[in-house]
Amino acid sequence: MAILEKRRLWLAALIAAAILFPLFVANGYYVHMMTISFIWMIAVYGLNLFAGYTGYLSLAHAGFFAIGAYALGILTVKAGWPFWLAFAAACLLTTLIGVFVGLVALRTKEHFFAIYTLCVGYIIYLIIDKWDSLTGGVRGFIGIPAPADIGPLSFQTPVAQYYLVLFFLLVVVWIMHRLVYSLTGRTYIAIRNSEELALTLGISTMKNKLASFVLSVFFTSLAGALYASFIRFLGPDIAYVSVMFDFLTYLLVGGIGTLAGPVVGTLLVTFLSQQLQFLQDYRMLIFGPVLTLLIIFYPHGIAGGIIRLKARRSEARRLQLEATQASAELAAASRQERSERYAKEG
Amino acid sequence: MELFIQQLLNGLTVGSVYSLVALGLTLVYGILHIPNFAHGALYMMGGYVTLMAMTKLGMPYGIAIVASMAAVGLLGVLMERLVFYPLRNAPPLHDKIAAIGILLFLEAFAQFVWGADYQTMPTPYGDVVTVFGFTLTIQRILIIASAVIIMILLYLFLKKTFIGASIIAMAQNREGANLVGINTNKVAMLTFFLSGSLAALAASLASPINLVFPGMGHLVILKAFVIIILGGMGSIPGAIVGGYILGFSESLGATYVSNDYKDIIAFAILVIILTVKPNGLFAKEGR
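Read top to bottom, the protein sequences are chains A and B. So for the first sequence, the numbering used here puts the first residue at 1; every next one is plus one. So for the second sequence, the numbering used here puts the first residue at 1; every next one is plus one.
Fair warning: there could be bad hints in the mix.
Partial list, derived from the structure: chain A residues whose beta carbon lies under 10 angstroms from chain B [what the hints assert, rightly or not]:
| id | residue |
| --- | --- |
| 1 | Tyr29 |
| 2 | Tyr30 |
| 3 | Val31 |
| 4 | Thr108 |
| 5 | Ala114 |
| 6 | Ile115 |
| 7 | Val120 |
| 8 | Ala198 |
| 9 | Leu199 |
| 10 | Leu201 |
| 11 | Ile203 |
| 12 | Thr205 |
| 13 | Leu248 |
| 14 | Pro289 |
| 15 | Ile302 |
It is worth saying that the hints were derived from the structure and are not from the lab. Every residue gets a Cβ at the ideal spot worked out from N, C-alpha and C, and that includes glycine.
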C-alpha cells in the first residue's frame, strides 16, 4: 500500500504544481504554451484509450478533433448559439459521427482499420477544405468567442482559460484512471492482447470496441472544442495528417498504453519543439526519424519504460528475497543436521 | 460522346499511373504484410530525383527516369533494412507508425533540400497529336504505353523467372519459402527495390502533367491503398484492374459530377467497399 500512498502524493504534488504554475510564471507566453499542451493532452488521452488500451490504430482522430473545433465555431458564430450549449452540442455531434464511423469502421481489422480511418480522416479534411460557405475553406474560420462566463466565473483572461482547460484535463485523467482500473478497462486490454481469446472468453468485442472508440472520439472532440475557443481561429490543416502525427508522437514518446504517457510525452515534445523553433517547417526532419527510432528501439516510451524498470526491479528484489530465504533455510537445515550428528557421535 | 471518349482517355492515363503505384504497394504488402504508408514518399522522391537529374545534371528524360528508378529503389531497400527488418517481429501497430515517421521525414527532407515550391518538369514529349479526331499529348500516350509494357514485363518476371517465382513463394508462405531454401531477406530487399522503382517510374511519367512538390505523394498513396483494397491486398492483377477502375471513375466523375470533389470519389468507393466487405473485395476465404 506504500506504493499507492507514494503515488497519491506525487499526483497531489503535480496537480498543485499545475495550479500554482500561472501564479509563479508571470510570462504569458509560457501560460499559453501550457494551455495548448493541456488541450493536446486531452486529445492524446482519447487516442491512447483506443490505440494504447484497445489496440487499434485510428488515423481519423485529427479529423474528429477538427469536427469538434469547427462545430463549436459554426454553432457559435453562424448559428449564434450560447457558448456552453454550442460546446456541449459540438462534442455530442462529433461523438455521434464517431458512433456511425465506429459502427462501420470497426467491422474491419488491423491494417484495414488503419487504412479505413486514414481515408475517413482525409475525407473530413477534404470536406472542411472544400465546403467554403460553411467552413471558410482555406481562408480559415475566424471570430470564435472565448468561453462564456458561468455565474461569477469569467474566462476572458488567459490565466482563467488555463484553469478551465486544466479542469477538463483533470476530469479526463480521472475518467481514464477509473476506466483503466475497472473491469471495462481490463476488457479493453484483453481485446488488445488477443481479440480472439477475448471473444472466446465471452466478451462482446464489437460492443466494447465501439464503446472505447466512441469515448476516445468524445475526448478528442472535447479537445477540439477547447482548441477552437482558445485559439479562436481555425484552418483546415488541423484535420490534416500532420496533426495526427503530432498526437502519435506525443503518445509514443510518453508511452503508449500508460496513464502518465500523454502528459509526459506532450510536455516533453512541445518543450523540445519550442527549443527547435528555428527549424519551423523542417522539425519533421528530426521528429520523423525520432519517432521511427523510438518505435524500433524503445517502443514503450518514457512512462512505459519506467514502469517496466520498476517491475523488473521489484521482480529482482523478490527473487533476491527468495534466494536469501532459501539459503537461510538451507543453512538452518545443515546446522540442525550437524548438531544431530554431533549428538549421535557425542 | 466526344467528351466521353476524351474522358476515357484521361482515365486511362490517370489509371496507368495509379496502377504502377498500387503495384509497388501490393508487392510489399504481399511479402511483408505491412501497409507501407511511406510509399507515397517514395513516389514523391521519384519525381524530385528525375527532375533534378534533368535540370541539374542535364540528363535526357529517359535516362533521368532510369536513374531515378535505381535511386528510389535503393532508398526502398534502405528503408527495408533500417526500419522494417528490425520491426519484423513487432506488433503490427509499430510498422505503421514507423512508416508514418519515414513519410514525414522524407517530406520534410524534400522541402528542406528542394523547397516547397511547385515545380514543373519539362518533357520532350509535350507535342499534341490527333488520333481518330481526338487530341492528346504524346506524353499521355507515353504514360499509357510504358505502364502497359512495365506491367507485362513485371508479370513475365514474376511468372517466368526463378527470382520472380521466389517472390511469389514468399508471398504465399514466408516460413515455407524459407524451408525450401529461399533467402527471404534477399527477396524482401528485392521487393522493396521493385516497389520503389515502380513508384519512381509512375512519378516521373506523371510529373510533366501534374507538378512536383513535397506533398505530391499524399493523394496518390491514399488512392493506391483504395486500389489495393479494391483489388485485394497483395494481388497483382487486382492492383492493375483496380487502378484503371479508379482512373475511369475519377475522370468521369470530374466531368459529370463535380470537379471539386473528384478526390472524394476514391474514398467514397473505399468506404462503401469496406462497409459491405470488411476484409476487402476478393479477400482470401478460410483464413
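Do the hints match the structure? See the list:
no., hint, result
1, Tyr29, "violated, 26 angstroms"
2, Tyr30, "violated, 27 angstroms"
3, Val31, "violated, 29 angstroms"
4, Thr108, "holds, 4 angstroms"
5, Ala114, "holds, 5 angstroms"
6, Ile115, "holds, 5 angstroms"
7, Val120, "holds, 7 angstroms"
8, Ala198, "violated, 16 angstroms"
9, Leu199, "violated, 15 angstroms"
10, Leu201, "violated, 21 angstroms"
11, Ile203, "violated, 19 angstroms"
12, Thr205, "violated, 13 angstroms"
13, Leu248, "holds, 6 angstroms"
14, Pro289, "holds, 5 angstroms"
15, Ile302, "violated, 16 angstroms"
Of the hints listed earlier, those the structure fails to meet are numbers 1, 2, 3, 8, 9, 10, 11, 12 and 15, in rising order.
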